[in-house]
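2 protein chains.
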Amino acid sequence: MKKLVLISIACSTAVLAVGILIGHFGISSGPSWVSDVARDVDEHFIVKFMLEVNNVQIQENLKVLTKVPHLASTAGDEQAVQFILKRWQDPENGLDQAWKEDYVVYLSFPDRSNPNKVTVVSPSDTVLHTVREREKAYTPDQDDPDVVQPYAAYSPAGHPKGKLVYANQGTPTDYEQLNRTVDLRGTIAITRYGGAGRADKAINAAPYGVAGVLVYTDPLDINDGLMSDASETYPHSWYLPPSGVERGSYKNQYGDPLTPYLAAKEETYRIPPENIPGIPPIPIQPIGFEDAYILICELGGEAALAEWQGAFNCSYNYGGPGFKPTSAFHGSDVKLDIFNHGKLESSSNVMGVIRGSVEPDRYVIYGNHRDSWVYGAVDPSSGTAVMMEVSRVLGMMVKKGKWRPRRSIIFGSWGAEEFGLIGSAEYTEQYFTKLSERTVAYINVDIAVFANATFKASGMPSLQSVIFKAAKQVDAPGLESTSVYDNWIRYSKRVSPAHGTIPKMGYLTGAGSDYAAFVHYLGITSLDMAYTYDKNKTNARIYPAYHTAYDTFDYASRFIDPGLVCHQAIARTSGNILVRLADSLVLPLNSSDYAETLESYLNTAVNLYQHQLQTRNISIEPLKRAVAAFRRASARLDRVILDSDLANETPLKVRRINDQLMLLDRAFLDPLAFPDKHAFRHLIWASSNAGHPTFPGLADAYVDAESSGQSSDWDKVHRHLSVLSQAIDGAASTLADVI
Amino acid sequence: MKKLVLISIACSTAVLAVGILIGHFGISSGPSWVSDVARDVDEHFIVKFMLEVNNVQIQENLKVLTKVPHLASTAGDEQAVQFILKRWQDPENGLDQAWKEDYVVYLSFPDRSNPNKVTVVSPSDTVLHTVREREKAYTPDQDDPDVVQPYAAYSPAGHPKGKLVYANQGTPTDYEQLNRTVDLRGTIAITRYGGAGRADKAINAAPYGVAGVLVYTDPLDINDGLMSDASETYPHSWYLPPSGVERGSYKNQYGDPLTPYLAAKEETYRIPPENIPGIPPIPIQPIGFEDAYILICELGGEAALAEWQGAFNCSYNYGGPGFKPTSAFHGSDVKLDIFNHGKLESSSNVMGVIRGSVEPDRYVIYGNHRDSWVYGAVDPSSGTAVMMEVSRVLGMMVKKGKWRPRRSIIFGSWGAEEFGLIGSAEYTEQYFTKLSERTVAYINVDIAVFANATFKASGMPSLQSVIFKAAKQVDAPGLESTSVYDNWIRYSKRVSPAHGTIPKMGYLTGAGSDYAAFVHYLGITSLDMAYTYDKNKTNARIYPAYHTAYDTFDYASRFIDPGLVCHQAIARTSGNILVRLADSLVLPLNSSDYAETLESYLNTAVNLYQHQLQTRNISIEPLKRAVAAFRRASARLDRVILDSDLANETPLKVRRINDQLMLLDRAFLDPLAFPDKHAFRHLIWASSNAGHPTFPGLADAYVDAESSGQSSDWDKVHRHLSVLSQAIDGAASTLADVI
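So the sequence lines, in the order shown, correspond to chains A and B. Going by our numbering, the first sequence opens with residue 2, and the numbers climb by one from there. Going by our numbering, the second sequence opens with residue 2, and the numbers climb by one from there.
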């Protein structure tokens with residue numbers, strides 16, 4: 002009996018122990034959300050995502066998107082709006098929600114019933130030559146009546162007539178040089194694309210009394226010199242046919258021009274159109290090189306500088322002004338008849354969201370514009386086709402219940418980008434506070450594939466590591482066991498003090514695509530990426546059919562990316578990055594990589610400016626101390642992340658670190674730093690004219706002071722140095738221990 | 002045997018069940034932080050805190066703080082710095098950390114060896130009367146050589162001499178009125194305090210050719226008419242003795258005047274002192290009413306308007322200009338000899354922190370300035386004595402391990418407030434990003450006790466509920482079973498659509514104390530509070546010894562708050578609010594109460610402006626829609642909070658809601674909305690001249706447009722309406738569902 006009791010006790014004890022163990026470990030302990038909030042990115046999911054991304058789907062997207070011209074606010078644009086909306090609202094593989102948001106924006110169009118004309122007119126008023134009004138159609142689909150005539154958006158209407166001169170790229174120094182030889186008053190200047198902004202070619206000309214401006218693309222700059230449409234150019238190659246014309250927005254500020262800093266809603270205050278800054282004060286019109294050849298080769302006057310010569314087989318002369326005595330055009334004027342008009346039109350952004358499971362109030366935004374100048378197969382539909390594929394795969398995973406991101410994902414199809422990034426700018430104006438408080442990052446994929454040689458990326462240095470990680474996981478199209486990363490580093494590399502030889506990323510210092518408002522106005526960590534050229538094989542300043550009627554599905558799928566495999570690589574890479582930003586427990590943003598850029602900027606500034614600043618009694622030491630403080634703080638934050646067992650600590654600690662990383666770029670904003678630059682507020686990435694890889698405001702102020710020598714200009718240098726040092730110090734203090 | 006087996010099984014099952022239960026519930030389940038992150042404010046702790054707050058301790062603090070004059074940057078100020086530092090670094094009841102931060106700021110002082118003089122000078126250059134240079138000392142402690150001579154900080158030096166005129170309060174209409182009767186060129190204007198800002202009395206005068214200005218406090222405005230120092234005024238009552246002079250900063254912009262938007266560090270860029278905006282263009286000097294009486298009662302010319310008459314037993318005449326024929330001063334000039342000079346001085350903020358346990362990256366800031374004009378018993382040491390007591394009690398609790406707040410608490414003792422809120426402004430400039438990202442609220446307790454009648458509070462409407470909650474828990478000093486709340490509502494009430502009759506809170510629309518930079522520059526939800534007057538018992542525009550040498554410990558402890566029981570009530574109320582803001586699981590901020598204010602502002606705007614705006618084709622509908630959207634969004638957020646079991650949900654949901662509440666005021670910031678107002682960015686609380694309880698920028702723009710009638714001014718109204726509507730819409734979208 003004793004034995005039995007002992008056995009019973011032993012058994013009971015064992016059973017109790019088993020019970021305790023089951024109770025403690027078997028039944029999920031703690032609230033159910035504990036494991037949710039600690040979950041990190043799922044590498045298997047990323048592999049699955051990438052496998053699912055399909056080039057045939059992308060090709061189908063591209064076909065639909067490029068069927069008709071879809072200039073902003075036209076019927077073709079609305080068709081694209083509906084296509085995207087329908088896809089994002091699809092119950093099988095759409096997103097959680099999708100809708101469109103409309104803005105009433107000021108666009109500029111030629112007059113369909115009164116097309117713009119450029120003519121050579123003899124002294125007796127005979128028209129000796131008329132510039133082609135539409136590009137030559139090589140295939141029937143190009144004959145769509147909705148192909149907009151080549152024009153310069155926001156050029157004023159007008160009918161200037163005058164002797165022709167050749168003004169190279171229309172930069173300030175070009176006109177200055179030309180003015181030494183020729184009296185420019187009342188002339189028409191012909192300029193080639195490149196060197197200066199579109200509008201600037203007219204803005205720079207006006208002070209000299211130039212009456213009108215023509216712009217064309219020289220075969221030297223776009224076609225590696227090739228000119229013949231019989232064999233050399235599209236449809237025989239990717240090169241621009243002689244009648245091809247680059248359209249564009251001739252407006253320097255981004256966003257709707259009538260509602261600066263305000264979302265362009267029906268009743269919003271609008272400035273009078275005559276007060277729009279940064280648009281051509283005189284008529285300007287783009288033409289094809291076929292016609293430019295006829296005009297330039299007949300010009301009189303001295304031969305222009307060697308650097309001004311293009312690919313035509315004639316001497317580029319300044320112009321007498323006007324044509325040379327031996328020309329049939331001798332004594333004739335060139336006349337522009339421009340009928341452009343501004344118009345308030347409704348333009349839509351299409352928005353689609355996947356709600357985050359754990360942190361719905363954190364946004365990763367992925368966007369591209371939708372509008373194009375004509376068919377826009379490359380610009381922007383390559384990016385849109387990619388975005389639709391990324392959203393299809395992620396939407397499908399969500400709808401199947403297989404995945405939901407930790408953070409919210411917002412897709413944006415922006416309207417009216419071609420007129421100056423209007424849709425994205427209005428979006429950031431309308432939701433300024435919400436977006437700046439909650440956005441982790443913005444991924445812009447506009448032209449996804451310029452060419453099929455190599456990946457390229459531009460963005461904040463803090464994104465470098467996640468871009469590299471993704472690029473290493475994607476196969477480079479057409480190459481045996483080579484990653485996008487391995488291929489990239491062959492084309493473009495640099496030596497990093499921290500990482501050794503790595504691919505070289507670009508910076509988003511301009512306003513070239515819809516990232517501008519996110520970077521410069523909101524201070525959101527942003528990224529732009531594409532597949533691009535082998536610069537050893539072409540000197541083209543951009544893919545040759547850019548902004549012409551030849552940027553078609555046929556062009557893209559035959560010459561840019563046969564099989565759309567580069568499109569697929571961009572979808573995989575950008576989607577990989579998107580998922581990492583949305584799902585990682587700790588945001589994959591690295592502040593130490595930011596420090597490396599600041600240090601490199603500082604070195605340049607010290608080398609270029611320190612000596613002269615010392616003689617002016619302006620100390621650069623506060624800037625040095627600020628950059629050093631930033632480096633220390635970023636190293637500290639790295640260590641905290643490394644030393645913490647974040648999956649097992651309070652989710653508020655992870656959130657704290659993530660907020661430090663997410664908000665880092667916001668610390669560099671100063672709404673008063675660049676009073677002359679609309680919506681440029683980011684002290685590190687603002688545009689600059691100084692041409693040095695350093696702090697833009699400092700560089701520009703320094704150049705101004707050095708050229709004027711005025712002490713008030715040196716005061717501005719000193720002031721900006723203080724503004725900059727304080728911002729970097731402030732950024733450092735956001736990375737330091739929080740209290 | 003069978004039975005035994007059955008019993009064994011039954012027992013085992015029971016034992017197993019017990020085990021499972023022990024295992025599941027007995028051993029703390031889930032990570033240890035789960036309960037920490039869900040903990041709400043501890044009501045017992047708040048009661049304990051309030052009991053511990055001790056009026057004798059506050060009295061001791063006040064004694065130490067007022068022993069010597071502590072004008073900014075002087076030895077007395079440094080003594081106070083060290084006192085506060087030592088207390089906050091005390092191992093027994095100090096804070097986690099304390100330190101000081103220095104700024105090099107531009108102050109203005111009289112010349113010790115060459116005191117400012119005001120004299121009546123006869124035509125033959127005989128000095129007929131000299132205005133008293135220092136206040137009369139009634140007790141030996143007032144004879145401290147460090148008592149600064151009465152002066153107008155930032156008045157230029159100079160020696161203007163001219164005929165005296167009386168210009169009432171020195172408002173633009175006062176000078177306009179006076180100029181109708183008298184040629185003001187070359188005159189000296191005597192003005193009384195009130196009606197216009199200090200600097201404005203000189204700024205408004207200069208265009209009329211006035212050469213110098215005197216300022217005094219009329220017994221009507223400060224002493225309820227009483228004038229005699231033999232019996233009526235201090236040391237016999239709280240009223241101002243005849244020789245008392247209100248000193249002050251005569252500078253309109255807040256912050257260090259040489260470093261706008263920049264923290265004033267050693268090497269920071271400074272504007273030239275001659276470019277400081279908003280300071281007197283001509284010399285100005287404050288004097289006592291004893292001397293003002295002698296001057297004003299001798300003035301010639303017509304009797305001034307009835308509203309211009311003060312408490313002197315004579316007619317206030319405009320001045321001939323100059324003295325009346327029957328006066329001994331007839332024909333004489335008044336001469337100012339002002340020797341003020343600007344000086345860069347080091348000024349410190351003393352900072353002390355208690356690190357938050359759960360959300361250290363969320364700050365509740367409690368602050369007051371430390372510098373005074375002379376002894377500053379009421380202004381600011383009443384507030385500092387209270388802050389030191391609040392920090393002592395909380396510090397002690399922390400040091401004893403009995404408490405640690407959920408969020409971090411930051412105490413700030415600001416420097417150089419009297420010169421224009423300099424220390425707090427420099428702090429917000431230096432840490433702009435960090436503070437705007439993380440600060441839950443700022444509590445300002447400057448003058449803690451103006452008088453002992455009733456509590457008053459001003460701040461954002463979202464704080465109303467937590468202020469009420471605290472005020473209900475504190476006993477009103479000197480009243481049987483009456484709470485601070487119950488007493489308050491007797492003195493000042495309003496009817497709220499949502500809450501019925503409640504105490505009336507004020508708004509922080511000006512820059513009267515250190516909340517200015519937090520409210521207007523950073524957009525941080527802020528609060529200012531004090532015990533104050535029974536307006537039925539006195540018309541004094543402020544407590545009579547304000548900014549004079551009589552603001553002493555003796556004055557404060559005998560006439561303002563005997564026993565310092567009102568100080569104690571303020572310490573309890575402000576500390577109660579502080580702890581609730583720091584410890585509550587859900588932040589005690591209510592967006593619906595904000596909606597009520599916006600609706601009331603909207604009603605006023607519609608009543609005053611809608612009709613006229615319609616005739617101008619400016620629609621006020623976007624503003625109506627925005628306010629309605631804000632109301633809907635705030636109601637939704639209230640419901641979410643009410644319907645959620647937040648203590649048992651993921652801490653990231655609580656954080657999400659708290660971020661919505663914390664950042665609400667940030668949505669109202671627009672750095673470009675008020676280009677003419679330095680560091681005013683808050684669209685709802687900016688200062689306004691229009692005098693209507695409505696949106697300040699709209700009201701000012703409307704008044705301008707109505708008076709000028711210019712269409713460009715109506716455009717500005719329209720533009721501001723769009724800016725405002727967009728901001729309120731944006732705020733609503735931050736309160737709405739996050740995605």
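A portion of the hints provided could be inaccurate.
A pair counts as met if it fits within one copy or between any two copies, since identical chains are not told apart.
Stated by the list, open to error - As a list, the in silico DSS-like pairs of lysine-lysine whose alpha-carbon atoms are at most 27 Å apart:
no. : residue 1 : residue 2
1   : 717       : 266
2   : 266       : 625
3   : 118       : 101
4   : 457       : 538
5   : 68        : 325
6   : 678       : 717
7   : 678       : 101
8   : 654       : 118
9   : 473       : 536
10  : 118       : 400
11  : 473       : 68
12  : 654       : 470
Hints were generated in silico from the structure; no laboratory data involved.
Structure-based check of each hint:
{"no.": "1", "hint": "717 to 266", "verdict": "between (37 Å within a copy, 17 Å between copies)"}
{"no.": "2", "hint": "266 to 625", "verdict": "between (45 Å within a copy, 15 Å between copies)"}
{"no.": "3", "hint": "118 to 101", "verdict": "neither (37 Å within a copy, 72 Å between copies)"}
{"no.": "4", "hint": "457 to 538", "verdict": "within (16 Å within a copy, 76 Å between copies)"}
{"no.": "5", "hint": "68 to 325", "verdict": "neither (46 Å within a copy, 94 Å between copies)"}
{"no.": "6", "hint": "678 to 717", "verdict": "both (16 Å within a copy, 21 Å between copies)"}
{"no.": "7", "hint": "678 to 101", "verdict": "neither (30 Å within a copy, 38 Å between copies)"}
{"no.": "8", "hint": "654 to 118", "verdict": "neither (65 Å within a copy, 62 Å between copies)"}
{"no.": "9", "hint": "473 to 536", "verdict": "within (22 Å within a copy, 75 Å between copies)"}
{"no.": "10", "hint": "118 to 400", "verdict": "neither (54 Å within a copy, 84 Å between copies)"}
{"no.": "11", "hint": "473 to 68", "verdict": "neither (35 Å within a copy, 70 Å between copies)"}
{"no.": "12", "hint": "654 to 470", "verdict": "within (25 Å within a copy, 31 Å between copies)"}
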